[in-house]
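K.L.:
Whole structure, please, built from the sequences with the hints as guidance.
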Amino acid sequence: MLQILAAGIASSWAAAPTPPLPAEHLTIATVGPKSPHWIYVVDYAYNNEIDSRVWLFDGDSHRRIGQIDTGFIPGINLSPDGKTTAVATTYFARGGHGTRTDVVEFNDNNTLSKTGEIVIPPKHAHTLATLFTIGYSSDQKFVYVPYLTPAASFGVLDPARKKVLSEIDTAGCTLVYPWGPNHVSSICESGRLLTVSLDAQGKESGRTSSEPFFDVDKDPVFAQAVPLKDGYAFLSFLGEVHEIDFTQPKLAMRTPWSLVSAAEKGTWRPGGVQIGAVHRSLDRLFVPMHKGGEGSHKAGGTEIWVFDLKSHQRIARWPLDTHATGPAVAVQVSQDATPLLFLATEKSHLLILDAQTGKLKHDEPSLGQTPQLLLNP
Amino acid sequence: MKKLDRLFENSARSLAKRTSRRSLLASLGQLLTGAALMPLLPIDRTARAQEPARPSPDEQQCEYWKYCAIDGFLCACCGGTSTSCPPGTQSSPITWIGTCHNPADGRDYIVSYNDCCGKVSCGDCFCDRNEGEKPMYRLSRNNDVNWCMANSESNYHCSVSVILGVAEK
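Chains as they are written, first to last, in my numbering: chain A, 1066 to 1442; chain B, 3 to 171.
It is worth saying that the hints were derived from the structure and are not from the lab. Think of the CB as a built atom: it goes at the ideal place given N, C-alpha and C, for glycine as much as any other residue. One should not assume that every hint holds.
Coverage of chain B stretches by chain A, computed from C-beta distances (three or more under 8 angstroms per stretch; other residues unrestricted) [stated by the list, open to error]: (1) 82-89; (2) 120-128; (3) 151-162.
P.N.:
What follows is the structure in structure tokens.
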């Protein structure tokens, strides 16, 4: 009897209609409070290059926060205070064709909205992703944009007044490596760095040329230098590290050192697109390394090698599961006390490792088509 | 005034003693030869193809010997061949070059990699090989820049590989 009663009650409950879902309200998500574990992933979208973009990704919650549109073969960088993403790019009037307009766009990183632009001469350098295809002066008063027609020069812009201030001929030297409030260096085929000084109006006030520090025929350096506390490190195809102190009035070249032993030289090489990252307070250098010969300098790393910048000793080798993810073509590290190492791979994965142990914390597949540059403040 | 006349006369005689008509001809000849050896200016030398493209299967493979320093989409997969741009595109008059070894005849060839321009990326047969490729500061050997940059339509579509001649050893 009790069983029949219970069954009756259950069936009446099952038959009772469930309350309807409440009405929803359409909102626009906000970016939320910043984290040192955020990473800006630049997707060059090779299959449809007029439509490149930057993904902002949270390395802790493993979610996409939002996107910035970046046009055709852009130069992209963050402002020194991290508040702005500056994009030098090209648009065609009719989508894939038509009149070319080059522009530097400024995006507010708190909202991921475009806040302004400067139209520049239609000759910003269309080239591979580097940290040096647009750059800020340390005080953020100037923005520098390399031009290529193929004659090389760079533009000096005023981001506050949204004006082009000047164009400076670099005599065949290329890209912009900014330092301090008013110095810009460019890298030259002669193995030197040309450094131009600017006056308060953004006009050239002087120029100097460094001593040659590499031989392009014997062992070229990657144009993609690695920012240091006091300058930049240029890594060579064969693994030499050329650290250059930019804080001196005259650039000071430190004694080069090698990523590889004599036995490894010519076999193990750095490679990819963004070929190194430094944790500035831990003095750690992270480099994607692969086994390969001449011509393999764009091959991604099958391992990450970790070096102590003070002792120049290799302190770890972290092999990657390249079968699943492809080798690493770009590397970046967060600058906090519990750092994350970010790797973009040939198969468009974003890998997140503990930067102190090498332990894989997250594998994000399909982050864009061809992610090749990773930015963080 | 006489002093001035004498000065010029002495100078002319001295020049005549030191030189000859032949040396003048020799100098002129050197100048002309030098001019001939100067790099050719970037002008469009594209011939108009007479027939539709019929690429060989080799030309659609990244491993094809002529592609040893190419970086981009193979035009042979996009309506062209290894030496012709697809219909409706423009060829880039400025290029990067490579030196590739042809295993069939054992020779090294200088190859010009032109980009084909004016349409969005082809998106097929991406090929990235870098034998002898150099960073952007040696521009003539760099395959990372958009060589459509100087075209009236500077969008990048695909890349070809054209033999310029046998590389001198």
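K.L.:
For each hint, tell me whether it holds in the structure or not.
P.N.:
Hint-by-hint comparison with the structure:
no.	hint	verdict
1	82-89	violated (count 0)
2	120-128	holds (count 6)
3	151-162	holds (count 6)
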